[in-house]
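Trainee: The chain contents come next:
Protein chains: 2
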Amino acid sequence: MGKQSSRPFLMTRNLHPEVQESPIHFLKKNIISNEFFYIRNHFPYPNIHQGNFEVTIEGNVMYPYHFHLAQLRQLPSVTIDLVLECAGNKRSKFSPKVHGEQWEDGAIHQGSWRGVPLKDLLAITGIGQGAKEVLFTGHDMGEKGKSPHASFSRSLPIEKALHPDTIIAYECNGKEIPYKHGAPIRLIVPGWYAMASVKWLKSIAVINHRFDGPFQTDDYVYYPHQNSKEDSFPVTKINVNSTIQKPLNYSKLKRGENLVRGIAWSGNGPISKIEISYDNGVTWEKAIKEKNGVTSFYAWESWTYLWNIDKPGEYVILSKATDSTGSQPLEPFWNQKGYGYNAVHRTHVKVE
Amino acid sequence: MGKQSSRPFLMTRNLHPEVQESPIHFLKKNIISNEFFYIRNHFPYPNIHQGNFEVTIEGNVMYPYHFHLAQLRQLPSVTIDLVLECAGNKRSKFSPKVHGEQWEDGAIHQGSWRGVPLKDLLAITGIGQGAKEVLFTGHDMGEKGKSPHASFSRSLPIEKALHPDTIIAYECNGKEIPYKHGAPIRLIVPGWYAMASVKWLKSIAVINHRFDGPFQTDDYVYYPHQNSKEDSFPVTKINVNSTIQKPLNYSKLKRGENLVRGIAWSGNGPISKIEISYDNGVTWEKAIKEKNGVTSFYAWESWTYLWNIDKPGEYVILSKATDSTGSQPLEPFWNQKGYGYNAVHRTHVKVE
Numbered sequence: 228m229g230k231q232s233s234r235p236f237l238m239t240r241n242l243h244p245e246v247q248e249s250p251i252h253f254l255k256k257n258i259i260s261n262e263f264f265y266i267r268n269h270f271p272y273p274n275i276h277q278g279n280f281e282v283t284i285e286g287n288v289m290y291p292y293h294f295h296l297a298q299l300r301q302l303p304s305v306t307i308d309l310v311l312e313c314a315g316n317k318r319s320k321f322s323p324k325v326h327g328e329q330w331e332d333g334a335i336h337q338g339s340w341r342g343v344p345l346k347d348l349l350a351i352t353g354i355g356q357g358a359k360e361v362l363f364t365g366h367d368m369g370e371k372g373k374s375p376h377a378s379f380s381r382s383l384p385i386e387k388a389l390h391p392d393t394i395i396a397y398e399c400n401g402k403e404i405p406y407k408h409g410a411p412i413r414l415i416v417p418g419w420y421a422m423a424s425v426k427w428l429k430s431i432a433v434i435n436h437r438f439d440g441p442f443q444t445d446d447y448v449y450y451p452h453q454n455s456k457e458d459s460f461p462v463t464k465i466n467v468n469s470t471i472q473k474p475l476n477y478s479k480l481k482r483g484e485n486l487v488r489g490i491a492w493s494g495n496g497p498i499s500k501i502e503i504s505y506d507n508g509v510t511w512e513k514a515i516k517e518k519n520g521v522t523s524f525y526a527w528e529s530w531t532y533l534w535n536i537d538k539p540g541e542y543v544i545l546s547k548a549t550d551s552t553g554s555q556p557l558e559p560f561w562n563q564k565g566y567g568y569n570a571v572h573r574t575h576v577k578v579e
Numbered sequence: 228m229g230k231q232s233s234r235p236f237l238m239t240r241n242l243h244p245e246v247q248e249s250p251i252h253f254l255k256k257n258i259i260s261n262e263f264f265y266i267r268n269h270f271p272y273p274n275i276h277q278g279n280f281e282v283t284i285e286g287n288v289m290y291p292y293h294f295h296l297a298q299l300r301q302l303p304s305v306t307i308d309l310v311l312e313c314a315g316n317k318r319s320k321f322s323p324k325v326h327g328e329q330w331e332d333g334a335i336h337q338g339s340w341r342g343v344p345l346k347d348l349l350a351i352t353g354i355g356q357g358a359k360e361v362l363f364t365g366h367d368m369g370e371k372g373k374s375p376h377a378s379f380s381r382s383l384p385i386e387k388a389l390h391p392d393t394i395i396a397y398e399c400n401g402k403e404i405p406y407k408h409g410a411p412i413r414l415i416v417p418g419w420y421a422m423a424s425v426k427w428l429k430s431i432a433v434i435n436h437r438f439d440g441p442f443q444t445d446d447y448v449y450y451p452h453q454n455s456k457e458d459s460f461p462v463t464k465i466n467v468n469s470t471i472q473k474p475l476n477y478s479k480l481k482r483g484e485n486l487v488r489g490i491a492w493s494g495n496g497p498i499s500k501i502e503i504s505y506d507n508g509v510t511w512e513k514a515i516k517e518k519n520g521v522t523s524f525y526a527w528e529s530w531t532y533l534w535n536i537d538k539p540g541e542y543v544i545l546s547k548a549t550d551s552t553g554s555q556p557l558e559p560f561w562n563q564k565g566y567g568y569n570a571v572h573r574t575h576v577k578v579e
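Chains as they are written, first to last, in my numbering: chain U, 228 to 579; chain G, 228 to 579.
Check the hints yourself; a few may be wrong.
Any copy, or any two copies together, can satisfy a pair, since identical chains are not distinguished.
To be verified - The calculated lysine-lysine pairs, modelled on DSS-like cross-linking and capped at a C-alpha distance of 30 Å, are:
(1) K320 - K538
(2) K479 - K407
(3) K373 - K577
(4) K346 - K464
(5) K371 - K577
(6) K577 - K464
(7) K538 - K564
(8) K481 - K371
(9) K538 - K456
(10) K479 - K371
(11) K481 - K320
(12) K456 - K481
(13) K577 - K564
(14) K346 - K407
(15) K564 - K479
(16) K371 - K518
(17) K479 - K373
(18) K320 - K564
(19) K371 - K538
(20) K456 - K513
(21) K407 - K577
(22) K255 - K500
(23) K456 - K402
(24) K255 - K407
(25) K387 - K464
(26) K564 - K481
These are computed hints drawn from the structure, not numbers from a lab.
Construct all of the structure, not just a fragment, from the sequences and the given hints.
Mentor: This is how it looks when you write it as structure tokens:
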């Protein structure tokens, strides 16, 4: 009965199917251990056996190809450190409230993924004329809308599918991909919200039309109006965003120096600056980027800010990240299904 | 890589000191496994060694007594199934918001505790004239206010200390008390919020005055006004309360029969009825108490309600428990430190 240690856990949002949030406020590393990866399933876990260690490339290709994990491992690979973020991350913060998984800040993780660029595999198969999209289907399936046996299927525009960083991954953080995160083979689409990175990959099909499956044209679509489906557009790239990891929301601080720390990320590539405000956005001061050994185009930036506060009272700390295309907005872009929340992060504290 | 199962975890609220919430919405048993007990520490964990297996009874007693765990085990014991609830449970629901641990519904657990009635131990020591309170001190200590080495100390009025159900416990759920929950000896005060049930018990002192330590007269006090300390009174008994465990807040339901289930509890003893409303409290219907094998005066009541809902739309499901003294209020009793939240439980759902 010596000194006891304490550790964080995943935060359970649902069990059937399993949905768990990363304890992002209690993580300090930049490559997160798999055990703290958030989990978001649409269906029960598929039964993965040896026969599932193969993936088919079919559709509008010259030479359909059926490859095994062992073959994939023989091809030249790339390793990319990247953020995977659920499109619904921070959904609980929308006002008016949006139904669905009530994610706080932890539907995000960062890992190191190794795989073969899809373009290299499509170079083997060749691509037929008129190819428009590439469709990816996972082994996971279940009830969706009126279909009792829908698969999880998503497509990418052909240009994104051929991007050299779109990979057919077989390793995560230097090991086999964990079962719950898409073993043995997972599509990884850096820079896009994570619904694009199809888990338990079963087949790849080059198609000449726009795919209209339910996870493409019903879910993962921005519907900006309360009572109509007008002006909708698909969820794709990760919005520029930041999270204050410490202090915790509605915590109490002592007067004096308080370390504020967090992360900032974007699907558009590097974060150019992170700013902090504690006067509700009237003035902003630059946070300091931490050298964290992760320099990928798709990785988050860790930052700190030393806040010297002597006057007791209630404060709101704001963080705002900026990338090459712009900054986080003060207010979120509300949409019916609650995707892509990226308003400046607000953390309420009481200085005593 | 066969079928994978999923399980809930504690929800981390803080690590130093450790504060973790029970995944109450995903628990179905009525005696909760220790691993799902919420954790609320005020200080770092104490270093418990063999020398801490003894407790002193001192102060205004005729015969001071120093007993060892082994002696305690020889005395006649009682076993009580009971709710332990943090006074801050549901604090995150207060409006205006209150700073402090942002507990949702899970700062509560139910266990089976075995121990010796304190009154039997005080019969051995005798009680001196003018005894007013009994003071309990745990081994945990740390910085509190201006004191760098404050202990966690709390007192009970002499009448409550002598109540036959106030026990010096040494077993929980049929085993030794888990380290994180107060091993080897913990005071258990059934019916009171859990700050009264002092962990890692070190000493018991009969005193002739009112104890005014910081966990008695600063924390764990209701301050009903925003900007004054007037009308304050101590946190003691658990308020009548209920929680809807399923469905989850802001979840989506299918039309037809939906099972609503939850728990109801009170420090005043048995719950006489649990009612459900889905028209914002205009009409109420009785939920059904589940026979759950737990019949203690201090245990929660499990309940279910079969909700037949055919009209799509957004609804709020309300649950309201009633005990011998009254019902949960529609609005909470706001107080500065956010204790004792017990407004009717509200769960927002969207029926599709």
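Trainee: Hints the structure violates: just list their numbers, smallest first.
Mentor: 16, 20, 23
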